[in-house]
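Engineer: Below are the chains, spelled out letter by letter.
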Amino acid sequence: MAQEVNSASPIEMIRIVDLEKYFAKLHVLKGITTTIHKGQVVSVIGPSGGGKSTFLRCMNRLEEPSSGSIFIENVDITDHRIDINKIRTDIGMVFQDYNLFPHLTAIQNVMLAPVHVRRVKPKEAEEHGMELLKRVGVTDKAKEYPFNLSGGQQQRVAIARSLAMRPKIMFFDEPTSALDPEMIREVLDVMQTLAESGMTMVVVSHELGFIREASNRVMILVDGKIIEEGTPDEVFNTPQNQRTKDFLSKIL
Amino acid sequence: MKYQRDSLQSRKDFIEQWKVRYHHLPWYRRYEFILPAFIAVLLFTILALPSYGKPEGAVDTLLIGIIFFAFFAVAILILMDREKPVLLKRISSITVIGLFFWFFYRYSGAQWDRFRYQFFNISMLEGVGELYLIGLWVTLRLSVVSALIAMVIGLVLGILRSLKNPVLEIFLMIYIDFFRAMPLIVNMVIVFYALPFLGINLNAFWSAALALILMNSAYQAEIFRAGIESIPRRQVQAARALGMRPMQVMRLVVLPQAVRVILPPLSNNLVSLVKDTAVAYVITLPELLTQARHAVIWKRNPTPMIVSTFIYLATLLPFIHFIRLQERRSKRWLRK
Ligand SMILES: Nc1ncnc2c1ncn2[C@@H]1O[C@H](COP(=O)(O)OP(=O)(O)O)[C@@H](O)[C@H]1O
Ligand SMILES: [Mg+2]
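Just so you know, the sequences run in chain order A and B.
Residues in the first sequence are numbered consecutively from 45, following this note's numbering.
Residues in the second sequence are numbered consecutively from 502, following this note's numbering.
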């Protein structure tokens, strides 16, 4: 279980109000309102094409929301006067297909953003980078190029790359979906440790074991709407919504 | 018994190993056949080679043909065998090529003396050294200046095109299509002879440079755009998600990866650019070719023209080799 949040005075991390997203005429997100607190680990599940990736990508404006507001630490990031690049440095994102920079070695991947965005001295960035690679267990591959790493190793380096910016929030978009079964565990372990360290996380994943163990909230996102929300126990054992039941019966 | 290099101890062992090692080869691929065959061809050549000059009659012609193809056949036997050492293959192909030129020299009946007098006449080079030095200096300067400025403009235009802004696109397309379609020689003449009427006076050097820059930046814009667009959008998004600004993404993530795609066509373009500097002779710029023509007229002998060819080669070959090294470097991160 992730570190328990002090429920008396939870600190608000992300607040989303009436978020809508259209791709041309395609209505993908149909009014999402929710709040995520500091240290929470929120799992988002739902059928493919339901808008889970779009939801995550709106929250760091890789996609422009069509309407609604998104507050990160009480700053409305849909306001175009803010510097979105500043906001993004605080939000780590891990993608399904890793997206490491193939022309850089593992350690260079991890160092790149701290050095050029945060202006950390290369030497410090390298020390911190090696520390992170140790944490995700790929120290021995630090000087290898991504093409020479397995999928699981690449994804762990990608997590280290995000952590190198010392983010306050981490998004994971199906981080294990592209992996061979025997590599899923090593990535989930890293995520679990991260969750236990108190990181605020939003995870799109269908790894039920991980969701039960590591997350303290589950959201069911179907057809652009959050149709059900609660602790893993509530959602998995006593689902209220008929569509939740249908979806769960397919994946359980 | 298996072949093992380390266990070669006595001559008997060596012969045993040899037998085992080449056991699987068909007879015509074994050294036991190739070596005697080669010696036989060599002996036959020494005995039967027709004398110098145009061959007299069909028999001599046939003999020359047979000798050449005998060497050729031995070389093919060696070249086609995957197991023969590379050095041996190199030697045999060079031998066959050398033989071809030697036979041509020996039997074509060409007037080599006159040929040499016309085209490789060292005595005709007296006093032209300074002309060449000026020419080489102008050509090099023109090439480097035009190439550098064209690359900067081409890169900027290529990045602008990759933005896919519809308004910008119209202007870029007009510029790029126009200067790609316009013959360089026309371009240069217009810049040199017509611009002064508009109050813009450029000397011959800068007129040539401007024409070269306009044309090559248009070509390179397309090269850079194609390179940039070859990098998947996911890469850009991963970089943006880390908080990089668009120009940082371009500089740190997109361009370093695009180099692999950009370098081969870019090096082609740069080599063309260097050769195209020769067009500047129409506006009397004293570049290498202009100078060579002066020398040809002065000496009434085309040798200086041949020499300029070798100067172009000597300049461009190291450059081409350098680019090839860079290409290899730009790929080092690809799968081992
Ligand atoms: N860039 C885009 N342009 C147009 N349509 C898109 C784009 N990205 C996603 N979509 C569409 O939006 C819908 C939701 O996609 P997505 O958020 O990726 O769903 P999920 O991650 O839940 O599978 C899908 O129908 C998809 O085709
Ligand atoms: Mg998705």
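It is worth saying that the hints were derived from the structure and are not from the lab.
Mixed in with the good hints there might be a few duds.
[To be verified] Cross-link-like lysine-lysine pairs, in silico, PhoX-like; alpha carbons within 25 Å at most:
1. 832(B) - 187(A)
2. 82(A) - 269(A)
3. 130(A) - 185(A)
4. 585(B) - 665(B)
5. 167(A) - 185(A)
6. 130(A) - 187(A)
7. 776(B) - 185(A)
8. 294(A) - 269(A)
9. 69(A) - 832(B)
Engineer: The structure should be examined with respect to each hint, and the outcome stated for every one.
Structural biologist: Hints and how they fare:
1. Proposed proximity of residue 832(B) and residue 187(A) is supported: the alpha carbons are some 16 Å apart, at most 25 Å.
2. With a C-alpha separation of about 23 Å, the suggested pair residue 82(A) and residue 269(A) falls inside the 25 Å cut-off, and the hint holds.
3. Taking the CA atoms of residue 130(A) and residue 185(A), the gap is near 30 Å; set against the 25 Å cutoff, the hint is violated.
4. A C-alpha spacing of about 54 Å is found between residue 585(B) and residue 665(B), which places the hinted pair above 25 Å, so the restraint is violated.
5. Under the criterion of a C-alpha separation no larger than 25 Å, the hint pairing residue 167(A) with residue 185(A) is consistent with the structure, at around 19 Å.
6. Pair hint residue 130(A) plus residue 187(A) does not hold up; C-alpha atoms about 29 Å apart against a cutoff of 25 Å.
7. Proposed proximity of residue 776(B) and residue 185(A) is contradicted: the alpha carbons are some 46 Å apart, above 25 Å.
8. Straight-line distance between C-alpha atoms of residue 294(A) and residue 269(A) comes to about 19 Å, which keeps the hinted pair within the 25 Å bound.
9. The straight-line distance between the Cα atoms of residue 69(A) and residue 832(B) is roughly 42 Å, outside the 25 Å bound, and the hint therefore fails.
Violation of the numbered hints given earlier is confined to hints 3, 4, 6, 7 and 9; the remaining hints are satisfied by the structure.
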